[in-house]
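2 protein chains.
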Amino acid sequence: MDATPVWFMRQAGRYMEEYRSLRKKHSILELAKTPELACEVTLQPIRRFPIDAAILFADILLPIEPLGLKLSFSPGPTISNPVRTDKDVAALREATAAAELGFVYDAVRLIRRELAGKVPLIGFAGAPYTVASYMVEGGPSKNYQRVKGMMTDRPDLWNKLMLKVRRVTAEYLKAQAAAGAQALQLFDSWIGDLSPDQYRRYVRPHSAWVLKEISKCGVPVISFGTGTNGFLEDFAEAGGDVIGVDWRIDLDAARKRLGKRPVQGNLDPVLLFSNKKVLKAAVKDVLDRNGGRKGHIFNLGHGILPTTPIDNVEAVVNWVHELSAR
Amino acid sequence: MDATPVWFMRQAGRYMEEYRSLRKKHSILELAKTPELACEVTLQPIRRFPIDAAILFADILLPIEPLGLKLSFSPGPTISNPVRTDKDVAALREATAAAELGFVYDAVRLIRRELAGKVPLIGFAGAPYTVASYMVEGGPSKNYQRVKGMMTDRPDLWNKLMLKVRRVTAEYLKAQAAAGAQALQLFDSWIGDLSPDQYRRYVRPHSAWVLKEISKCGVPVISFGTGTNGFLEDFAEAGGDVIGVDWRIDLDAARKRLGKRPVQGNLDPVLLFSNKKVLKAAVKDVLDRNGGRKGHIFNLGHGILPTTPIDNVEAVVNWVHELSAR
Chain A
3 MDATPVWFMR QAGRYMEEYR SLRKKHSILE LAKTPELACE VTLQPIRRFP
53 IDAAILFADI LLPIEPLGLK LSFSPGPTIS NPVRTDKDVA ALREATAAAE
103 LGFVYDAVRL IRRELAGKVP LIGFAGAPYT VASYMVEGGP SKNYQRVKGM
153 MTDRPDLWNK LMLKVRRVTA EYLKAQAAAG AQALQLFDSW IGDLSPDQYR
203 RYVRPHSAWV LKEISKCGVP VISFGTGTNG FLEDFAEAGG DVIGVDWRID
253 LDAARKRLGK RPVQGNLDPV LLFSNKKVLK AAVKDVLDRN GGRKGHIFNL
303 GHGILPTTPI DNVEAVVNWV HELSAR
Chain B
3 MDATPVWFMR QAGRYMEEYR SLRKKHSILE LAKTPELACE VTLQPIRRFP
53 IDAAILFADI LLPIEPLGLK LSFSPGPTIS NPVRTDKDVA ALREATAAAE
103 LGFVYDAVRL IRRELAGKVP LIGFAGAPYT VASYMVEGGP SKNYQRVKGM
153 MTDRPDLWNK LMLKVRRVTA EYLKAQAAAG AQALQLFDSW IGDLSPDQYR
203 RYVRPHSAWV LKEISKCGVP VISFGTGTNG FLEDFAEAGG DVIGVDWRID
253 LDAARKRLGK RPVQGNLDPV LLFSNKKVLK AAVKDVLDRN GGRKGHIFNL
303 GHGILPTTPI DNVEAVVNWV HELSAR
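From first to last, the protein sequence lines stand for chains A and B. By the numbering used here, the letter at position 123 of the first sequence is numbered 125, and the numbering carries on one by one without gaps. By the numbering used here, the letter at position 260 of the second sequence is numbered 262, and the numbering carries on one by one without gaps.
Worth flagging that the hints you see were computed from the coordinates, not collected in a lab. Do not take every clue at face value.
Same chains, same names: a pair is fine if it fits in one copy or spans any two.
Unchecked claim - Derived pair list, reagent style SDA-like, types lysine to any residue, alpha-carbon separation capped at 25 angstroms:
| id | residue 1 | residue 2 |
| --- | --- | --- |
| 1 | Lys278 | Pro308 |
| 2 | Lys286 | Asp155 |
| 3 | Lys279 | Asp88 |
| 4 | Lys144 | Gly305 |
| 5 | Lys262 | Asp287 |
| 6 | Lys278 | Asp88 |
| 7 | Lys27 | Arg202 |
| 8 | Lys26 | Thr80 |
| 9 | Lys279 | Asp158 |
| 10 | Lys72 | Lys120 |
| 11 | Lys279 | Asp155 |
| 12 | Lys262 | Arg148 |
| 13 | Lys144 | Pro79 |
| 14 | Lys176 | Glu215 |
Same shape as in the complex, but just chain A (with noise of 0.2 angstroms):
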C-alpha cells in the first residue's frame, strides 16, 4: 500500500500488557541488557499493530555506564556520580565506551533475524546534549541550572565532555548500523529548554559532528529534538535526513521552514487518550497539514505515555494508513 508510513517513539512500552507483564520480572535495565528480552519487547508492538518500523528497545543512558557512570531507575534516571568537575570529564573513558555495549549490537542482530525483514529496524542513541544534561544534572532537571552553568562559565570544560560524549554517540550509532540497524534516530529530548543562542553555540557543532559521522553508515538519518520551534531551522543545518518535530509547531508550518527536508511528526501523545472522533479528527489534520506530499512519517511528538488505552494507539495506525492512502 502506498501510503505515509507510520511508528510511535516508545512504541514498546508500559501501555502494552505483555509488557508490563515483562516488567514485573526485569527492570528496565534488565531488559535492555539482555539481546533476547530486548528482542521479544522490540517485537511486542510489530506483532500488535500494522506498523511501518520497529525501533530498538534500549535507553538513552546506557552509554553512560560504560564511561564510567553509575546509573538506577528509580522510577526515573539517577546517576549517583554525575559530571561536574574537571576530574570529572576526565575521567569518562569514551575511547572503549561503544565497545562495551556489545549486548546493544547482539540485540540490534537478533531482533534483525527475527523480523525476517517485515518492517525495517530503527537504531537510536539520545543526542550529546541531552545526554550530557543528565551526566551533569545527575537525572531530569527543571531548569537545567548546572549544565547550562557548565556550558556558559566553562565552555571548556563543556566542550572537553562534549568531545567525549559526542565519541560515544557516534561509534553507538554506527555499531547499531553495523549490526544490522536500517535507519538511526538521534533523540535531543531536552533541547527545547535552550535559548536559540544557546543551541547555537554550545550544541549545534557537537550534533552537526555526529549527524555527519553516522551519514556515512550508508542508512538514512533521522534528528529529533523536542521544542525546536525557535531554532528549527538552525536544527535542521545540523544534518539529518527526516527532521522530527513535536506537537508544539503546526506541520505545515515545519515543512515551510523545512523546505524539501522530509518530516516526522507530530501528534501530541496526550490526544491518544482522547475519545476516537477527537483523535481521528487529529489524526486527519497532521496529515491535512502533510497535504499530501511524500517526505512525511507519522509520528508522536514525543514518546507514547504509560497508560496510553492501547486500542487508541492500533487506530491510530489504522487511520494513518487508510486517510494517506494514494
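Using the hints provided, position chain B relative to the given structure of chain A.
Leaving out everything else, chain B in the frame of chain A:
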C-alpha cells in the same frame, strides 16, 4: 534617563534575604492576603535596585479560593478538590469571587501610596488557561493530561469552566486597575505545552475576551506566555498592548513576527547564575537583537529563580540602563 525600562517577573522573591526572612514567619498565602505584608514584599526590590516598575506581590491562584477550591502550598500549589466533573464546574462561585479578593485591592492602594509615584505598579493575574489547568489537574502537571482531556472530550464542560474562570480573571484585573494598578499583566505560564491548534481552538477565545475586557481599564496590558513560539502570531492576535516572550525565541525573530507591537523579554533566568562577563554579554545580546527600537521592555523569559545571586540581578538592571541609554 531615556533607556530601555527593566523589571523582572518574580522580582519579589526568595533570592532576596529580606523576603526569606519574612517567609520564615509567614506562609506565601499569609503574605499575599495581608496588605501590609504584600506591600512590604512588593517594595523590597524597589528599595534595592533602580528597576522601572513594581509588580504586585500575589499568587496567580488566589482567585481559585473564592471560586470554592482548597489551595495549599507544599511547597508547590496543591488543590485538594480539583475541578473535573459537571458538578465541580457548576459549584464554582464565579459571580462573587473577584469581590472576595479585597485584600489584593487594599494591597494595591497601599503600595501606590508607599511608592508615591517613584515607579509604576503593575497588577497581574494568571490567564484563564493556566489557572484552569491548575484547577483541573489539582497542581502542577507534567503532561496536562486531564486538562487537555477535558478540552477535547468535554468541550462543552471546558467552555463552561473557561467562561467562569475568564469572568473572575477580568473582574479581578479591573478591580486592581480601579484600586490603582497602572499596568496589568496576564500570565499564561503553561500554554507552551499546547499544540497551536489546541491554543487557537480552546484557549485563545477566552484569553481574547479577558484582554478585550481589561483593555477598557485605560492602562497598558502585557500579555505574557511561555513557549508561544509555535503560535506567536495567534497569541498576539488575542490582544494586549505588549507581548511578553520567553527565552526560547530570538528577540529579533519575535519582533519581526510581531510587527510594530511592543515586546517584553527575554533573558533566560538561568543566565543569572553565570559569571558577570557571560551575563553582561547575554544582556547585550538581547538589547542588540532589539536593535535600539522603541517598544522594548527588558525582562526575563520567566520568573527569577529562588537561589539567584542578588548582585547579578542588580548588575542586569544597571547594564540594561547603561547599554540602552540613548
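* List in ascending order the numbers of the hints, as given earlier, that are violated by the structure. => 7, 10, 12
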